[in-house]
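From just these sequences and the hints, can you work out the full model?
Those protein sequence lines, which keep their order, are chains A and B. Heads up, the first sequence stops at 186 in my numbering, and the numbers go up one at a time, no gaps. Heads up, the second sequence stops at 201 in my numbering, and the numbers go up one at a time, no gaps.
30 Å max Cα-Cα, derived DSSO-like pairs, lysine-lysine:
id, chain 1, residue 1, chain 2, residue 2
1, A, K66, B, K188
2, A, K89, B, K136
3, A, K168, B, K46
4, A, K155, A, K41
5, A, K66, A, K84
Read the hints as simulated data drawn from the structure, not as lab findings. Fair warning: this is a prediction, and the values are worked out from it, not measured in the lab.
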Amino acid sequence: MKVSLVWSSPKPERTIAVAMRRCYSTKTIEEIESELEQKGAEYWKYLLTKCLQDKSLDVLEHFTLSLMVEGMSEAEAVRLVGGFPYSRVSSLGADSWLVSLNARTLVEMWREPASKRFAESVVSELDSKQVCPVFNQVVFGERADAR
Amino acid sequence: MRVKLLYNTDLPALKAAIQAKGAPDDPDVLLDHVVYMFEIEDCSRVTTHQLVRHRAASYDQESQRFSAATREGVVTPPSVQKNEAALGAYDEALKAVYSAYEKMVAAGIPKEDARYVLPSAIKTKLVMTLNARSLMHIVWQRTALQAQWEIRELASKMLSLAKEATPELWTKILER
Chain A
40 MKVSLVWSSP
50 KPERTIAVAM
60 RRCYSTKTIE
70 EIESELEQKG
80 AEYWKYLLTK
90 CLQDKSLDVL
100 EHFTLSLMVE
110 GMSEAEAVRL
120 VGGFPYSRVS
130 SLGADSWLVS
140 LNARTLVEMW
150 REPASKRFAE
160 SVVSELDSKQ
170 VCPVFNQVVF
180 GERADAR
Chain B
26 MRVKLLYNTD
36 LPALKAAIQA
46 KGAPDDPDVL
56 LDHVVYMFEI
66 EDCSRVTTHQ
76 LVRHRAASYD
86 QESQRFSAAT
96 REGVVTPPSV
106 QKNEAALGAY
116 DEALKAVYSA
126 YEKMVAAGIP
136 KEDARYVLPS
146 AIKTKLVMTL
156 NARSLMHIVW
166 QRTALQAQWE
176 IRELASKMLS
186 LAKEATPELW
196 TKILER
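Set out below in structure tokens:
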């Protein structure tokens, strides 16, 4: 199975931080964004770590991506659609699929034995494209340590 | 009320990937894969109650557990605004509610418990991420004449922003 990134939402770690601050702050979006720029990437990482500790995975839903998946069986595609309501899968013919999902779904796929292999391929593609190094390290850290 | 588009999926990148596979760029496929993230500010909690009924979307909303409510932050419906007697009753009720809220907080009640008295009129802020298909359903239901004025305004603003960001997709959707 080959997974290639088509598109991912900009600044994933910052977007997650925006969603998290939105829950706790009365500020406008511009004020939140400038606060996050000022405090920098270390603070985004702190918020991400905290949301995982608190099991507030909802904030991860705002980091979204679209992938081209080749060599995936129809059975596997059906399992991805049926088991994960926030993933979308469209057939592009000949074992090729357009798959869109959010980072929360990716984490849930990672945790399910039946979809782990797919999630690993996605994470490794995100790694190679340097999409979200901090996210990958914080969320899938054990894997990074093992390498 | 203010609505701002924070990002949307790059439609040309998506179409290029589909075309590279020799598949047609069917709007029905695109609907599922084009995603928008919105910031919504200063609409009432009445309206966000209606909004979150659209379950195929992701929401993160300003929490009343942690942030203090203020007397200024309420929406007054136009029907109340133009009716002097109703406006008097409305203001009186709000005054009583906020006075109770402030007294409870001052007495050491946590905000998450004091908020039980707060009105649905209170203004709120949230981020919302959804795909074009979910947005299409919201627009279809909530811009209809039967929908309430505030969510109609919200749905119209979301539609304008989505149309501006990805015009060709919405031209096809609205033609149907």
